[in-house]
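Chemist: Residue numbers (numbering that gives the first Met the number 0), protein chains in the order written: chain A, 0 to 367; chain B, 0 to 553.
Hints listed in this document are in silico derivations from the structure and should not be mistaken for laboratory results. No false leads were mixed into what you were given.
In silico lysine-lysine, DSBU-like type, Cα no more than 35 Å apart, as pairs: (1) 152/A <-> 295/A; (2) 280/A <-> 249/B; (3) 367/A <-> 249/B; (4) 324/A <-> 249/B; (5) 438/B <-> 208/B; (6) 108/A <-> 249/B; (7) 73/A <-> 509/B; (8) 544/B <-> 63/A; (9) 253/A <-> 118/A.
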Amino acid sequence: MRVWRSGGLLALFSSWACADSRFDFQPAQTSIAQDIHDLHSWLMVVILVIFCLVFGVMFYAIFKHRRSLGHNAKPFHENTAVEVAWTLIPALILVVMAWPAAKVVLAQKDSHDATLTIKATGYQWFWGYDYLDSGFGYKSKLVTPRSQIENYKSAGDAKGEHYLLEVDEPLVVPVDTKVRILTTSNDVIHSWAMPAFGVKQDAIPGFIRDTWFKAERTGIFRGQCSELCGRDHGFMPIVVKVVSKDDYKTWLGKKQAEAKAAADDPNKTWTRDELIARGQKVYEANCVACHKADGKGGGPFPALAGSKIATGPKEGHVHIVLTGKNAMPSWAGLTDTEIAAVITYERNSFGNKTGDFVLPKDVKAARK
Amino acid sequence: MSAATETLNPAGHADEHGHDHGHDHDHGHHASTGWRRWVYATNHKDIGTLYLWFAFTMFITGGTMALGIRAELFHPGLQFWQPEFFNQLTTLHGVIMVFGAIMPAFTGLANWMLPLMLGAPDMAFARMNNWSFWLLPPAALLLIISLFVPGGAAAGGWTLYPPLSIQGGMGMDFAIFAIHLLGISSIMGSINIVTTILNMRAPGMTLLKMPMFAWTSLVTAYLLIAVAPVLAGAVTMLLTDRHFGTHFFKAAGGGDPVLFQHIFWFFGHPEVYIMALPAFGIVSQIIPTFSRKPLFGYVSMVYATASIAILSFMVWGHHMFAVGMPATTQLFFMFMTMLIAVPTGVKVFNWIATMWQGSMSFETPMLFAIGFVCLFTVGGFSGLVLSIAPIDTEMQDTYYVVAHFHYVLVAGALFSLFAAVYYWLPKWTGNMYSEKAGKFHFWWSMVWFNVTFFPMHFLGLAGMPRRIPDYPLQYTDFNSVASVGAFCFGLGQLFFLYNVIHTIRGGVGKAPANPWDAHTLEWEVPSPAPHHTWESPPDEALVKKGLVAQALEH
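Start from the sequences and build out the full structure, keeping to the hints where you can.
Modeler: Below, the structure is given as structure tokens:
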């Protein structure tokens with residue numbers, strides 16, 4: 000009966016149902032998502048028909064062929080024709096269903112001829128986007144304040160409209176453009192999912208996978224990481240802002256200029272204090288999730304405060320950041336400057352007082 | 000617990016019960032009493048009882064964890080648990096329910112009932128049987144203790160995907176060792192079942208004349224022997240990756256995290272049928288009994304069971320549609336998965352044809368069996384939806400999947416277990432359970448199960464990911480409904496415990512040897528079943544009588 004309800008919703012009122020995403024898929028924004036929703040609606044109709052037939056016969060028997068009505072059992076127990084029929088007919092129905100589904104699979108997998116390629120990297124616990132054709136990238140992190148999330152002692156602050164689905168900087172893409180997303184990960188497996196686009200692609204450390212979409216309308220669309228990735232798996236949303244092609248061009252120009260300005264001058268002479276200040280930023284962006292703001296770590300993540308590595312020889316410290324160990328991934332993806340800065344910061348914070356510092360050229364040398 | 004089980008099958012009382020078939024005289028070698036009776040147990044009934052109580056204890060443990068999950072999800076925001084502990088709850092809930100509750104419960108039933116149904120004096124390897132049970136409590140303890148070690152229990156989901164599971168603290172190692180123990184136990188239990196079924200059947204009972212429950216247990220046992228070592232291998236590789244510098248699943252050393260998923264699901268999909276096939280067997284015993292008709296299409300049932308088992312080795316990729324497989328692989332796994340609907344459909348049609356033109360009555364076992372058929376079918380439909388790879392793109396790792404597998408595992412495996420318990424309780428205890436209480440348990444479970452899990456379909460369609468401790472606001476209503484349902488469903492299972500204890504303590508009166516007018520051999524021995532049964536095999540005439548009544552012989 001309940002399936003009937005959902006089947007009915009989808010089949011008869013699919014346009015209405017789409018308006019209320021509580022019962023149904025989020026409204027489709029790409030032709031692939033629309034194909035998927037159509038497949039689903041059609042499948043629900045098939046299921047509904049089979050459901051009515053099967054349950055109809057069963058409940059007819061339950062209500063009519065019962066001992067309390069004095070019904071006597073007829074001890075038949077096989078009928079080859081019937082058995083062959085109910086093996087072959089479902090098989091035929093399946094073949095009919097497989098055909099359109101296969102077409103959508105092939106379309107989903109065809110990521111050729113994309114206009115724009117963006118690399119989406121999963122981190123514990125945020126996303127990084129690199130515009131490979133334009134030479135810049137940024138991180139995209141949850142901005143819902145902890146005071147809204149944590150209700151352990153009190154009800155907490157009122158939750159906003161886009162609670163857990165809001166980020167500081169969304170992925171920006173142009174409308175009506177085939178965008179190819181390359182997914183990978185920095186640590187564990189994540190999954191880049193955008194329900195309204197009909198896209199879900201795992202991000203696997205050490206490997207690149209791809210998917211694509213072509214958004215048909217401008218707007219802001221929201222999804223969430225869809226592969227368990229540890230503590231804050233529920234707190235790394237994916238937000239895509241689809242803008243007009245002109246707006247995209249303007250935005251792209253601005254981002255490129257910013258990236259240029261922010262790039263570290265390779266010939267700059269760094270002082271220890273400059274490195275510490277810069278290192279703190281790097282630490283907050285990359286390390287704080289596990290090692291914590293006070294450097295004390297927690298659970299499987301060791302403390303940096305007073306650790307042998309963070310207070311021992313510099314070479315060992317550079318080595319572990321570059322290669323990783325156990326739960327810690329390699330951070331070789333950071334620039335020489337960033338690594339030098341963060342190591343300097345770690346060696347002179349949380350009560351660590353080595354007083355020394357690491358220069359970008361030391362990191363460069365250690366990479367070889 | 001032991002006080003309750005003590006009376007379940009009173010040792011040494013065998014001589015009080017009828018001598019109709021001359022197979023239940025006392026041998027005196029089960030003189031051990033008290034704790035020795037259980038620790039040194041080699042009797043299949045004692046071991047079966049141990050398995051069943053163990054499974055129930057784990058069911059309550061895992062259920063309590065589920066309620067912890069549902070409590071946190073009642074409202075958006077974090078109310079009770081830190082996210083890391085929430086992940087430990089979901090992980091342990093899965094591991095405990097799959098390996099600690101459902102699988103041991105079916106092994107327990109097989110232990111109790113197979114020798115009785117086949118006319119065998121005991122399981123083939125009585126001492127190994129003891130060992131395979133007694134490996135379970137240490138494994139369960141490891142899982143429980145792991146909650147209290149530094150870093151807490153395993154928190155990577157019951158699927159233990161690396162690299163996340165490589166990151167975890169020592170709780171993960173506890174889980175790995177627990178899985179090793181549970182795997183060894185399963186393999187030994189399966190060897191016992193296979194050997195018993197193949198060698199110890201009553202004269203005249205050829206393979207194609209066995210009760211369906213024996214068939215599904217046999218196929219299940221083969222599946223377990225095939226895949227339990229695969230899982231053991233996968234978690235061993237995890238262990239060496241964690242501690243001994245190997246790189247099976249670490250890309251940095253040339254390994255591949257996705258390799259684990261292939262190995263895990265090569266185990267994991269047959270595992271799904273390990274939990275479903277025995278349920279099919281139980282339902283195939285109960286529906287004919289209460290329809291007062293032979294099972295329709297016995298032979299096609301056997302073939303359907305076998306084809307489901309074989310196909311189950313060829314569909315593991317459908318758990319991985321989102322990892323990014325080539326289109327051809329995606330299509331292969333999609334087609335193979337859809338194909339499973341055919342033999343599964345045959346089974347459902349056969350059950351309905353068995354009911355058709357029957358003379359049905361609706362005692363509690365029958366209610367649970369019909370509940371099973373209804374809800375398992377719904378779970379099958381959602382499985383069909385998920386098998387379509389493009390639709391799975393939307394559904395993968397959402398609550399739709401959670402809804403789907405709880406329909407097939409709770410309303411499927413668990414309801415069939417309830418049906419089995421009510422069906423065979425008179426045989427086990429010698430007492431009749433209260434029909435009123437049983438029916439109340441059924442309707443209560445039926446209603447609250449659906450209140451809990453049906454809304455999850457909608458949550459999944461709308462895109463709510465699974466395994467998250469907090470969720471966006473549009474998912475609030477259905478989550479609250481599901482949480483209320485879960486607590487009520489859980490409460491109902493304490494009522495089940497009351498029912499069972501009430502029956503053990505006398506119930507509503509003595510049970511006759513064959514309270515349901517069923518035709519399989521277990522109903523030919525007195526109730527309660529004496530400590531030793533079928534010490535000399537049933538004579539051919541008796542076997543034939545039962546087979547004729549089941550329309551397996553003419």
